Amino acid sequence: MSGKVVLHGRMVVPGSVEGEALVSHEPISGWGGIDPARGVVIEPRHELYGVCFTGKILVFPSAKGSSGWSGFFQTTRLSGTAPIGMVIGRISAKSALGAVVTRVPAITDLDADPCSVIATGDWLLLDNSTVEVTKR
Amino acid sequence: MFLTDEDKRMRDGAEGDAVAAAMDLLIRYGAALDADRLCSIRNVAGTMTQPSPVKARLVAEGGWDKAFAIINLDSDLDLTIPPMRIPTCQLQHGFGPDSVDIVPYPKANVELQSDGEAFYGAHGVQILATCTPYQVGNLPMRGEHCAWMESSAVIYANSVLGARTNCEGIASTGAASLTGRIPCWGNHRDENRFGTHLISVSGLTVESFQDWGMLGYFAGSVSGEDRPVITGSLSQPDLTELKHFGAAAATSGGVELYHIPGITPEAASVEAAFGPGARVPDAVVYGPAERAAVYETLNEIGSSTDVDFILLGCPHASLEQIRQAASLLDGKRLASGTELWIMAPRALKVMADRSGYTAVIERAGGQVLADSCPAMSRTAPAGTRVFATDSAKQAHYLPAILGIEAWFGTTEECIAAAVTGRWNGELR
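Residue numbers (our numbering), protein chains in the order written: chain A, 1 to 136; chain B, 1 to 428.
Read the hints as simulated data drawn from the structure, not as lab findings.
A short, non-exhaustive set of chain B residues, derived as facing chain A with CB atoms under 8 Å: (1) 34; (2) 54; (3) 150; (4) 166; (5) 171; (6) 186; (7) 225; (8) 375; (9) 400; (10) 401.
These stretches of chain A come out as covered by chain B in the derived footprint (C-beta under 8 Å, 3 or more residues): (11) 10 to 19; (12) 41 to 54; (13) 69 to 78.
These numbers were taken from a predicted model, which means no experiment stands behind them. All residues carry an ideal CB built from backbone N, CA and C; glycine is no exception.
Could you put the whole structure together from the sequences, leaning on the hints where they help?
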C-alpha cells in the first residue's frame, strides 16, 4: 500500500512535527514499562519489548498501569530520549498529562483507528488536529 | 476551558509565580483532556521526595525549589516554592535511614530523600510514605474530589470509598497542591462513574486473598481502562482483599473504578451500577478455566524453583497481614541464602513492633520494612535471581523492573518458600 491518508482528530498538545511512526497495538505502561534512560520499552510481554522510541512518533491505543506514566515520559524529555510526537487512540489522565509534560505535539480522537491505519515505518506529519500518513 | 475569577487570579500571578506556573500546567493539562472546567479539591496524594538521577541533578543545580518547579510543575522558571495550599501527602518513595544495613539501596538516595523530607515537611507535606494512605489516616469521604497518584490507591479511593479522583501524575498533583484545583474530567463526573463491563464469578467462590488478586487481574484484562462490575459467587471482602483486587485490576488493565453491587458504596444493585435506564451488558464469566489462565500468566516468568527472595506487602501490608506472616514464621528460620521483606506503612510498622510481630519475623530472619518497595526503589537483596510474592501486581512488574524470575502464590506458600528456599506453589 502506498500513498497518503489524512486523519482528523482533536489536538492534545499543539504543534507540528514530522517523523517516522512507531506503532504499538497494545497499551503502553510508563513506570515498569519503559526505561527512560534509554527510551526503550522493557515490559517482557509487550509487542515492542526492547524497541527504542526515541525520535519516533509514538502511535498507541492507550496508556496503562501506574500513575508514574507521565513522570516517566517527562524523564525521557529531560534525558533526551523522548519520542517527538504522540498519536493516542484513547486519551486518559495518564496519557494527556504525559503528552503535556513530554512537550511534544499530540493528537487523539481520530476519525479512524490510528493503530490500524498507521504502520511502523510510515512517515507522519502531525499538525495540531491532523495526521498526514505517508505509507512506506 | 472555563476559569473562575479565583482561577484567573492564580493564573495571572496574584498568588506568586509558583502558583501561576501551577495554574499554567493545569490549563495545559485541562486542554489536553478537553475538560470544560477545574474542580476545587483539598486532598492531594503525590510524590516529591522519591530519589531519581534526574532529581539528584536538579537538586544539586538549584535545590528542591528547582526540582519541584521542573518535575512537579513542569516549569522551567526560577521559582520559590510556597507552602502547600491544601492538605498534601507524600506516597511511597525510596528507603529511609533505618534500612541502610538491610537493603542494598544507594546511601546517596537515602540522604537525598531525607533532605527532601525536611524541605517538603516544612512546606506542609505529610510524609506518609506509603502507597496506601487510606490505611494511615488519609481516608477521603464519599463524593470528595481528590487528586491522587498511585494506581492502587486511586482505584481504592474511587471504588471502595466513593471518593473521586483520576489517576493523576507527578506534575498534576504538584500543581494541585499549590492551587487546590484539578481538571473536572473523567472520574470526577457522575456520568463517568457507571459500570461498563459485567463480570460474573461462577463455578467457584472468590474468598481468599490470592483469589481476590487473581480476580482483579482478570477484571483488568477484561475491562482495560473501563469500569467492571463484579457479581456472582463472592465472599464478603475485607480491606486487605480489596487492596489486592484493586492493585491487580489497575496493573493488568488501567481500571480506576469498579463496583461490587451490595458491597461498594455507589452500587446497591447490578442495575444501579450501570446507571438509570442503561442496559446491563452480557456477563463475562470468571470460572475455574479463567482462574487457571490468570494463575499461569502470573507464573509464566518463573522457571527455577530455587527461590532467594520473598516479597510480601504489595500494596503495603495491613497490620493483620503482618500478624499473619508473624504467625506463620513463629519458631521457624529462613533458609540460608533466602531473604524475606514485608513492606508496610511506617505507622503500621510501629504498631507491628509494639504488638511483637516484628520481633517474631526478625527472629526467623525476615524484615518488616517501611517507606518503599523493591519496585519503587529498584532494589532487591544482592544477587536475587528468583523471587516469590503473594501480590499479583508485584509478580507482574518486578521481572521487568529488576530482570528477575517471579513466582506468584498464597501468603502461606511464600512463607514456606522463605523457610525451605524452594518454590512449591500450585493452584488449589
